[in-house]
Amino acid sequence: MIAVANTAIDPDALRTKLFDPAAGAYCSFEGWVRNLNEGREVQRLEYEVYTPLAIAEGEKILTEAGEKYPHLRAHCVHREGLLEIGDCAVWVGVASPHRDEAFMACRYIIDEVKVRLPIWKKEHYVDGDSGWVNCERCSQS
Amino acid sequence: MKSLTVKYFAMFRENAGIGEETLSIHAETAADVFAATRHRHGSDEPLGHCKVAINDVMAAWDSPVKDGDSILLFPPVAGG
Numbered sequence: 034m035i036a037v038a039n040t041a042i043d044p045d046a047l048r049t050k051l052f053d054p055a056a057g058a059y060c061s062f063e064g065w066v067r068n069l070n071e072g073r074e075v076q077r078l079e080y081e082v083y084t085p086l087a088i089a090e091g092e093k094i095l096t097e098a099g100e101k102y103p104h105l106r107a108h109c110v111h112r113e114g115l116l117e118i119g120d121c122a123v124w125v126g127v128a129s130p131h132r133d134e135a136f137m138a139c140r141y142i143i144d145e146v147k148v149r150l151p152i153w154k155k156e157h158y159v160d161g162d163s164g165w166v167n168c169e170r171c172s173q174s
Numbered sequence: 018m019k020s021l022t023v024k025y026f027a028m029f030r031e032n033a034g035i036g037e038e039t040l041s042i043h044a045e046t047a048a049d050v051f052a053a054t055r056h057r058h059g060s061d062e063p064l065g066h067c068k069v070a071i072n073d074v075m076a077a078w079d080s081p082v083k084d085g086d087s088i089l090l091f092p093p094v095a096g097g
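Chains F and Z, in that order, are what the protein sequence lines are. Residue numbering for the first sequence follows my numbering, beginning at 34 and increasing consecutively. Residue numbering for the second sequence follows my numbering, beginning at 18 and increasing consecutively.
Just chain Z, with the same shape it has in the complex:
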């Protein structure tokens, strides 16, 4: 089990009803965190449509996560 701070943005935050939470979960990668929090962010989007950052640095979904990390889950972006 790892203690992770998970932050939700835009649609994910509205679905979750909170901006962030600290969770103890089994997760090896950022993708594992996305899957473990699906009941919160409620997204059926393919991972390739969403983005993730670890400790404020953009990351790949197969990036490893470690105890104490902040995982930022971004729904599909739509700037411009």
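Chain F with its partners taken away, still in its complex shape:
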């Protein structure tokens, strides 16, 4: 399942949705809003999401992860709107029979989410300026 949320992400509540008697490993990733980017002090972030395609592309990513790592259960939630420093911007959780697959699947999902979902991030700086952020991997491709 993938979702776009306009309120705070609750990792504990999401984690319980992955409980599975066949799973011996759980792995999660949380992306947090930090106060510094490329030397500039960040006050808050604003995420714009084109939800219809973010959901469709996100479901593809989760399906791909399930094909690469069998018996995987995986969820991902991404925030939209205004976020403050320390807020959870994205959460990925996976459960699988073994830890290797759990680590790799979690990494695969967050890496693909960052470069494929139609989501844009605008940083609002302490000095009052603001600017859109480019994805590192996309800019290098």
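Errors might be hidden in some of the hints.
Which stretches of chain Z does chain F cover? Using the computed rule of at least three CB atoms under 8 Å from a CB of chain F, they are [said to hold, decoys possible]:
| id | segment |
| --- | --- |
| 1 | 24-37 |
| 2 | 58-72 |
| 3 | 83-95 |
What the hints contain is simulated information worked out from the structure, not anything from laboratory work. Yeah, the Cβ is synthetic: ideal placement off N, Cα and C, and Gly gets one too.
Fit chain Z to the supplied structure of chain F, relying on the hints for placement.
Frame of chain F; chain Z shown alone:
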């Protein structure tokens, strides 16, 4: 000439000053639409850094466009 609805997102929307518009333009591919609307979205980014969707389906830049299509122009994404 084709009648196309062009939708702009994030930085592109702010540059264009509008979220979408219907245009009559000469365009065979999604890349042609990007080039024809450069004065709107204002992007100097290489196409490979941006993404496009046609009628709400992710597409390649060389995908053909037809009369009545909605072309969604996405600046470089930055989720996470």
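We went through each hint and held it up to the structure:
| no. | hint | verdict |
| --- | --- | --- |
| 1 | 24-37 | holds (count 3) |
| 2 | 58-72 | holds (count 4) |
| 3 | 83-95 | holds (count 6) |
Figure legend: structure checked against the earlier numbered hints; every hint is met.
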